[in-house]
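Chemist: Since each chain comes alone in its own frame, lean on the hints to assemble the complex.
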Amino acid sequence: MGAVVALITVLMVLLSGLSVGLVNDGVSGLKQLPVTSFAFQEGVQKSSAYSRSVVPTAAAKEWAMQPGVADAAPFGNTLANGRTTDGVEIDLALFGVVRGSFLDPRVATGESLFADGQVVLAKSADTQNMAVGDIVVLEPSGQALAVVGFLDGQHTFGHVDVGYVTLRSWQQAKAGLGDGEALPERVRNEATAIAVRAKSGETVNLAAGDEAANMTSMTLEESFGASPGYSAETSTLQLIQIFLYLISALVVGAFFTVLTIQRKGEIAVLRAMGASTAYLLLESLNQSVVLLVASAGVGIAAGLGLGAAISATEMPFALEAGPIIGATVLLLVLGVVGAGIAVLRITRVDPLTALGGNR
Amino acid sequence: MNVVLSLQQVTLVHDDGEETVMALDHIDLELHVGEFVAVIGPSGSGKSSLLAVAGALTVPTSGQVRLGQTDLVTATAKQRNALRRDRIGFVFQSANLVPALTALDQLRLPLSFARRGQHRDPLELLAEVGMEHKARRRPDQLSGGERQRVGVARALVTRPELLLVDEPTAALDRQRSHEIVELLAHEAREHQVATMMVTHDHDVLRHCDRVYEMVDGRLTPA
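Protein chains in written order, with my numbering: chain P, 8 to 366; chain C, -13 to 208.
Excised from the complex, chain C in its bound form (with noise of 0.2 Å):
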């Protein structure tokens, strides 16, 4: 299989206060084109760091990160944002929408300052996850689950090759958390987009290809 995004012996340290904490401690990890990982584990165990490297947010302190043949850790601050327009999508938490916009034009957004590709038409895409009749409506006039739907479809808009998905199912109910992953993991497989999430949730794992869990910045197999 493809390798979309490889991680080798990969640190993060940073500052707290006088103190130096390090969030990633030599991290090994790979993503295989359609691949969906799901990475568990306690408040504060270093997941959101592994997507900020993973994402191109932030270079680590030492190790190696591959997006395809693309080193993101020499990268500028440059390529590195013109590789999450370009090749990555983010799914945040709550969903993250912007309040003023529709659930249509959410999906344009990025479109608006992406490059010209083979990018899947708006419309198209909120059909996929179901909100094709709601396409008018505004992120306050949705519930928690379909402000998800309508993140995931924003997410995919530009054909990312990696799908980096921050806890989806954070203010969802048992029911909509189970929707929402497994609309990722059918998105996952379908348009063979490498994906991975990071959850407290361990309802939700079921639908995963991989689990891994993170504890104190160390990454393991479940």
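So that you can see chain P by itself, here it is in the shape it has in the complex (with noise of 0.2 Å):
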């Protein structure tokens, strides 16, 4: 039963790891950025606002107006493919921002943007081999980007590498423009969002804002569901996670319907003697209790270890303290709730088969 436990929370560890880890590929770069809320095309399609939505940058003006908002920029995002100088290819979540904006990103090694034609880079697995100075040709437009720095931490969008650019870049990437090509007025006046930073300790009304600048605002965290696929991963996560946890909840409660049924005789005996029924439960709770703790403290431990394997791997994968405890403290609550139920039975053990040649 202990090694069923130690099982089931082996693989929640690993779950939870799977899960963090595909919502950090998914959405880590827009987690590090320093914005509260982002205002997309007006009656844009919510699952799919980033790769949808185009609005005027002049909406920042209008946003920056709004009671609350510390900071409001255009923001520009695309995915692209490209090649490296060593001719290696590389795809990436090109995150358009206003050189000197808040939205800027302050870099690790190297330069901040100082010119349209460069890109900043996350240091990643795709990207160690890269150094300032490189080169990014982006395909098939032939738009080079000149790396001139690299950020610190994870900065990903749709599992792939973010680069900073240049709004200006961005939107010459967005129109598939070569260098030299002649970037058209309506593309120089657009941007995927209007990012907006709230003052400190302060809301900003969104639907106030949204109707004066005819735009629809999602939160931050709301718009990790217009990232692609990242809707469908977590569901499916957490479908498997929720399966996993009733499931636990189940193996537990078969366990101590059946140790119940094996110790009938022993109950019996106890019941006999005098022990009352809300003694036997308490005393068969904590049975559970010390068991699910156990076995979860040796799951936890061996999970921890797969998971530094994994983590080393190229694997989406991130163990974080936070959904663990979270994840196993859900699995103890049922695992309790599923013990309690079992022990229930404890209350129909009659004293008198203890008599007799019964046991």
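Check the hints yourself; a few may be wrong.
[Said to hold, decoys possible] Facing chain C, a subset of chain P residues (Cβ under 10 Å, in silico):
no., residue
1, Glu49
2, Arg270
3, Gly272
4, Ala279
5, Met280
6, Thr284
7, Pro358
8, Leu359
9, Leu362
[Unchecked claim] Okay, the calculated beta carbon distance ranges per label pair:
no., chain 1, residue 1, chain 2, residue 2, range
10, C, Asn(-12), P, Gln294, 40 to 46 Å
11, C, Gln104, P, Gly329, 52 to 58 Å
12, C, Asp202, P, Ile348, 40 to 46 Å
13, C, Glu5, P, Asp357, 19 to 25 Å
Keep in mind that the hints were calculated from the coordinates and are not lab data. Ideal Cβ placement from N, Cα and C applies to all residues, glycine included.
Modeler: Quick look at the structure:
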């Protein structure tokens, strides 16, 4: 039984790591932005707002005037394929930002963006061999981006590395134009969304802002659902986790049902000796809690060990204390509920069966 | 002598399919302080039913059952539970020890749910029944006779007024049977515990003060 609970806990830790890893791989680039909400094109389909939305850059001024708004700036987002100087293929999520705006990232090595045609990259497995001065050429347009700096930490969007470019470079990439090709006037005033940052301790009335600017806002967290594949991935993993919790409750319940049936004779003797029902229930529940906690502890240790090994691979996997603690507590609570229902059988054990040759 | 257990005109009727069976048929019995009484009889004669009624495990269909001044017939289930816990000791067939506990912990177990009082020291009691050297052994590491000795000690640890013993020699050889019943007789007299033992075993009756025979629910002096 302890081994079963330990194995379920291992599975739960691994699922938690995979879940957090996938979330981070999908939206860590967004999480790193100093943004509280995004204003997208009015009426845009929310599940694909980052790829469908087109808004006028001038709307940033409208948002900047809204009460509670500290900053508002145009934000461009598009996925692109490129090739490095060494001829290595690289996929990038290009984040277009206005230089010097609150979205302009702080680099760990190299320099911040100081001109069009530059890119600041996240350090990752794909970019680890690249250096400042390398060139990334976007395909098929041939637009060249010079690497000027690198970011610390994970910055990914839709499972590809983020590359920060100037808004103008982003508009060029979005339009699929090569270097030297003129950017149409219409495109010069376009962005994916307006990024908004609320003042510290204040909230922005997004509905009022949307009405004033004719836009559709989402909080940063809500906007995660607008990134590619995010909802499908997280809902699938959540469903697996829910089933795992239900299975664990059933397994624990079934185990304690069998254990209670096996202990029927012993319980009859204890009841004959005057042990109260409350005493027996409490004793059985204590037993189940000790067993669950000890088994879950072993499972977590094994899960963390396995998780550490998986983290070293390219698989999107991240162990975070919060989700693991939450999942463990839920597992223990459901296990105790399952055990509690099972040990209620104690109340039906007749002490009379302790006499004679009944055992 | 002080009467510890008194049964007057006790009957116990229960259903057996479409028929009713009179397990106890107008039983009269008195047990006194320190007295060791045996009840013999064939299987199905009502010996276990007599123990169940005397031990507050079941309520008779009619008649009166008293433990000291306490009426067991009108007592609530909770009160009967407390009586079993604090004033009655049981020795079961094959000892019926808890498999996971050591001999010493078997004696501590009833103390964990007993009311605080003048209980006996578990280790001293184990020594008294000759089992102190195996205090740390679990039931599967003890012989049948040793298990039964621990079972006797467990029943006595709360200083009960009444000791009810159910076929204590059922799984023992002749020598061990005599030793166990001798031990029970000694404990009954030494600690003034009224003891009633039901048994098939006629060989051990010489240790008892009185012997009754149970046939078809009727109790008569043997």
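Chemist: Tell me the hint numbers this structure goes against, listed in increasing order.
Modeler: 1
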